[in-house]
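Please work from the sequences and hints to get the whole structure.
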Amino acid sequence: MSVTPILLILAGGASSRMWPLREKSLLRFGAQPLLADQIRRYRELGFGEIIVVGNPENQADIAALAGQMPGPAVQVVVQPEPKGMGDAVLCAAPLVANPDAPLYITQVHDVVDDSLHRGILEAFRADPTASYLAGCEMEDYFPGGYMVVDADGRISGIVEKPGPANRPSNLVSIVAHVHSRAGRLFDALRAEYARDVPTDDHYERAMDALMKTQIYRVFRYQGSWRALKFPWHVLDIMEVFLAQIKGQTVAESAYIAKTAALVGDVFIGEGVKVFPGAAVVGPAYVGAGTIVGNNALVRHSMVLEHCEVGFTTEIARSYVAERCAMHACRVLDSVFAPGVNFSAGCTTANLRIDRGPVFSRVKGQKLNSGRDKLGAIIGRGAFLGVDVMTMPGVKIGEGAQIGPGTHVHHDVRDRQRVYVKQELVVVEGDA
Amino acid sequence: MSVTPILLILAGGASSRMWPLREKSLLRFGAQPLLADQIRRYRELGFGEIIVVGNPENQADIAALAGQMPGPAVQVVVQPEPKGMGDAVLCAAPLVANPDAPLYITQVHDVVDDSLHRGILEAFRADPTASYLAGCEMEDYFPGGYMVVDADGRISGIVEKPGPANRPSNLVSIVAHVHSRAGRLFDALRAEYARDVPTDDHYERAMDALMKTQIYRVFRYQGSWRALKFPWHVLDIMEVFLAQIKGQTVAESAYIAKTAALVGDVFIGEGVKVFPGAAVVGPAYVGAGTIVGNNALVRHSMVLEHCEVGFTTEIARSYVAERCAMHACRVLDSVFAPGVNFSAGCTTANLRIDRGPVFSRVKGQKLNSGRDKLGAIIGRGAFLGVDVMTMPGVKIGEGAQIGPGTHVHHDVRDRQRVYVKQELVVVEGDA
Amino acid sequence: MSVTPILLILAGGASSRMWPLREKSLLRFGAQPLLADQIRRYRELGFGEIIVVGNPENQADIAALAGQMPGPAVQVVVQPEPKGMGDAVLCAAPLVANPDAPLYITQVHDVVDDSLHRGILEAFRADPTASYLAGCEMEDYFPGGYMVVDADGRISGIVEKPGPANRPSNLVSIVAHVHSRAGRLFDALRAEYARDVPTDDHYERAMDALMKTQIYRVFRYQGSWRALKFPWHVLDIMEVFLAQIKGQTVAESAYIAKTAALVGDVFIGEGVKVFPGAAVVGPAYVGAGTIVGNNALVRHSMVLEHCEVGFTTEIARSYVAERCAMHACRVLDSVFAPGVNFSAGCTTANLRIDRGPVFSRVKGQKLNSGRDKLGAIIGRGAFLGVDVMTMPGVKIGEGAQIGPGTHVHHDVRDRQRVYVKQELVVVEGDA
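Chains as they are written, first to last, in my numbering: chain A, 238 to 668; chain B, 238 to 668; chain C, 238 to 668.
Hints may contain errors.
Treat identical chains as interchangeable: a pair holds within one or across any two.
As the list claims (entries may be wrong) - Derived lysine-lysine pairs resembling DSBU-like cross-links, with alpha carbons at most 30 Å apart:
no.: 1; residue 1: 603; residue 2: 398
no.: 2; residue 1: 603; residue 2: 658
no.: 3; residue 1: 603; residue 2: 320
no.: 4; residue 1: 449; residue 2: 483
no.: 5; residue 1: 600; residue 2: 398
Honestly, the hints are just simulated from the structure, not real lab data. These figures come from a predicted structure and were not determined experimentally.
Structural data, given as structure tokens:
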């Protein structure tokens with residue numbers, strides 16, 4: 238008989254590196270929050286018992302969301318403090334009645350193809366005595382954990398960030414782990430927490446210990462893997478969802494003007510209006526109630542519900558959450574949280590003059606975003622006045638106010654107000 | 238036999254509060270000046286003898302206009318000095334041969350529905366022994382004169398600006414007054430001017446005196462009432478005229494490109510060109526010879542003759558007088574006098590960052606315009622260079638020149654020139 | 238038997254007054270460099286032997302170009318130093334085997350109608366014993382050389398810049414000279430170089446000497462004459478080439494969206510894409526591989542190969558060389574060298590506030606361009622950031638970098654970087 242593991246979705250990590258965005262498991266890529274979409278996909282793959290580990294901040298929202306999912310109840314537990322992945326797993330232990338049941342651990346913010354889940358389940362069902370870890374085959378170096386694997390695919394260890402020259406394999410570990418018996422994992426984790434080791438890698442150490450006595454096998458994965466760690470990764474995850482749009486879906490209640498153009502794979506929600514001369518160029522998602530004004534352009538983007546995409550606005554390769562108002566402006570390679578006001582003449586500059594990769598600061602540290610084109614990340618309810626220009630990679634906090642004509646070269650904190658002072662020369666006509 | 242009163246149109250008030258606009262009776266809302274349109278409407282209602290009271294500045298223009306009106310001659314008299322409404326009425330006295338004739342007094346800058354005039358005439362014809370004053374029923378407080386009325390509709394007085402708590406009725410007095418005998422009014426006015434009272438309210442005091450011995454009845458009016466007092470009121474009056482456009486009227490000599498769009502109720506004058514990708518969205522009026530360039534948008538606006546609405550220009554909820562040139566710009570909730578040049582990249586910001594009502598200064602006093610969205614009021618022949626931004630409620634004087642990239646936060650006087658000085662950093666390529 | 242002169246094309250003059258543009262003989266107006274197009278036209282008129290005089294800088298490019306021309310070999314000689322027109326002609330002397338052969342001297346940067354060449358050839362063939370100089374009939378004064386002509390059309394001299402009042406005729410000398418015997422001209426030139434006169438006008442002096450003993454006749458010309466001397470003259474030459482486009486030529490591999498508009502005389506090259514809502518309004522040339530993005534407009538302009546004309550970009554009355562990238566910007570009355578990046582929100586202001594003629598500096602001297610509308614001249618590979626405004630007549634050097642929001646009032650040198658410093662006011666939300 239085929240056994241399906243209990244699914245454990247880790248959704249309790251802090252989202253502080255996502256600033257000025259919030260809780261990543263609740264970000265919506267389409268009608269549903271990311272977590273809901275992940276659960277839906279797991280259901281389709283046959284998972285029955287699902288446990289989500291949240292944190293005190295997102296617990297209520299996650300519970301509400303879980304309550305609305307069809308099918309068997311999704312259980313939600315809270316990790317009271319951010320004490321690492323091992324602790325998060327242990328928080329779920331009381332809900333696992335049978336210690337011999339297999340456990341599939343994943344993270345809500347890892348977005349992969351269904352083929353990974355399907356494949357690792359098949360491998361496990363073929364030999365349920367072993368455990369399985371997904372290894373993503375990568376030729377270019379990526380600063381993750383690399384698996385030490387023998388010829389038979391048995392894993393003897395995982396080396397964290399070995400450097401390009403010292404990779405033991407091309408297999409980078411993704412958190413998609415089938416542990417053949419949950420109880421054994423819990424025991425190993427408890428043993429690590431009992432030891433007095435200062436580092437936070439209890440889960441990794443527990444796996445190291447288990448690999449010595451248990452068989453852990455790699456499941457080799459060659460598909461796409463996008464993780465939501467920094468706010469610009471929203472654009473990567475968006476790509477996955479845009480790629481799921483096939484052909485043109487236009488709600489019956491939508492209005493598409495005769496001289497408007499829908500090109501390629503597009504989703505047009507209920508009550509959307511696409512006015513004369515506007516174009517939606519796929520892949521693109523336009524949420525319910527959004528207005529695409531005269532001669533506006535939405536291309537390769539996701540615009541959620543009840544947005545105003547005003548006259549001659551361009552939204553390209555961008556993610557715009559619900560209730561944003563934009564007008565005669567350029568939203569390029571950018572991420573807007575809900576309720577942003579982006580006034581006429583505004584532009585998110587997306588290309589450095591030296592055409593180099595765009596950097597952005599996260600918690601004080603300047604990071605290479607890995608993107609040649611990156612506009613701005615703008616928090617909930619921020620108001621940008623007319624003709625504001627944001628420089629590549631800039632982030633603007635929630636409720637911030639930016640005065641007309643400002644060039645935003647540096648991140649703006651939540652609720653800060655920034656204005657530019659012009660030096661004017663006034664000459665009387667009589668002079 | 239039905240008697241129609243002599244009509245007295247007061248058009249002599251100063252227009253200084255309309256700055257940077259000029260003479261309000263001559264503002265055009267369509268092909269005709271406001272005064273001509275009012276006279277036309279009064280003719281249709283059956284008025285025969287019409288007297289217009291002007292002032293020394295507008296007399297010549299009003300006389301020219303009156304001379305072009307079809308039907309019986311419109312008489313024009315001048316009030317030599319601005320000595321109040323009572324004096325204006327007395328200026329017309331020499332033209333009223335029969336002191337027993339009824340007199341209907343109105344102001345050119347009050348725009349009301351025909352139903353008011355028609356109704357008050359009917360009431361007067363039903364009982365020509367009484368006089369009648371229009372009372373506009375208003376639930377919200379408005380700082381005007383409130384009528385004291387008994388159960389039979391007889392008016393015993395008018396209380397000026399009583400405050401919201403002390404209103405004697407919900408009837409606000411509009412200057413639409415049928416006096417049953419002109420001679421009695423003239424006598425009462427002369428009596429007031431003979432007394433040595435310093436305040437300027439002779440007309441009101443004369444009416445108070447008359448009400449003691451004559452019967453004045455209220456005509457209750459529930460329709461629309463727009464008065465042209467401050468320059469942003471042009472937008473209110475424009476609404477009245479836009480609402481008169483029903484369906485689509487396109488002159489034969491107009492050119493509408495195949496990919497242009499006419500939507501809703503629009504009037505397109507002779508020789509107008511609407512180029513590919515442009516849209517005129519009703520209610521909208523486009524005057525003769527005006528060009529609506531490629532991908533431009535005119536919506537809910539009035540654009541008079543021989544304007545250039547250049548590529549990707551947006552004109553929304555705005556009044557644009559003749560011969561204005563606009564190009565790749567945004568004209569929002571604004572009023573342009575004739576011959577304004579609004580260059581590429583210009584925007585009339587129309588929304589405060591705090592989304593509060595927009596204020597504007599009139600003769601040194603900061604006034605609440607009562608509008609959540611208000612752009613700029615720009616005087617005749619002003620030239621705004623590229624990328625100028627005007628802040629909400631700003632006014633720019635006649636012939637003013639605004640240099641490129643200026644943010645206009647304060648009113649600019651007639652013929653003033655305003656430039657911005659940028660601090661530049663120059664680095665040599667060899668450095 | 239009809240004799241066709243040897244054609245001598247002078248292409249060795251320096252192009253320093255063309256800065257920030259380069260070598261004028263190689264500028265392309267369509268698929269071919271100007272020189273190639275001139276040679277093609279001369280071939281069609283029946284010229285067989287053609288000699289081009291270049292300079293050390295352009296020699297290689299000219300030789301490569303000559304090598305690709307169909308028909309008899311075009312010979313290229315180099316004038317080692319810029320020692321004047323007479324010296325340039327003498328550099329070609331070794332290639333002229335027969336001193337009795339006629340010689341036709343022209344300059345590559347004079348663009349005239351074929352009727353001039355055809356007419357002067359006819360005149361020469363009618364009487365090959367005389368020499369012929371083209372005289373352009375001009376009623377308005379132009380600071381050139383004016384011919385002294387007798388009633389029979391014989392020229393006795395040319396007066397340089399005589400001033401409007403002292404013109405000996407209305408015939409301005411164009412360098413389109415048929416000398417009936419090459420050898421006599423060479424001899425006269427050598428004689429002048431042998432004399433020790435400090436001025437640089439050996440050619441003119443040699444002609445003066447020849448006119449005393451030989452018959453030089455005027456060929457009166459009334460057609461168009463455009464010379465490429467200053468960079469804004471590119472726009473004049475462009476007009477000549479645009480006027481040659483008749484009707485609509487659209488390459489088979491081009492894509493024209495259903496809601497795009499092609500209006501008037503347009504040439505659309507191979508692989509061009511004109512996206513929805515865009516318009517190309519003739520006369521216009523769009524080179525191979527160029528993309529005209531959604532709702533963009535190209536009118537009365539030449540855009541060479543592989544340009545990106547992004548969303549809502551307007552290019553009007555402008556010359557844009559290959560590989561330029563433009564986006565949501567306004568290119569008006571301007572000249573762009575190859576590879577210019579013109580970012581979103583940029584505008585080339587083209588009209589002075591006083592609406593006067595536009596001036597521009599050339600080699601330190603402020604010149605009246607003679608144009609009421611003139612935008613910018615931008616050199617190869619310059620990068621203009623978002624919202625840059627160039628003032629009328631400004632020139633920007635090769636590889637220059639202009640930071641966001643800069644108002645460019647003065648010329649920018651090659652590779653200079655110019656940034657604007659804004660004074661910002663930052664208020665914390667908690668304050």
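I'd like to know which numbered hints this structure contradicts. Please list them from smallest to largest.
4
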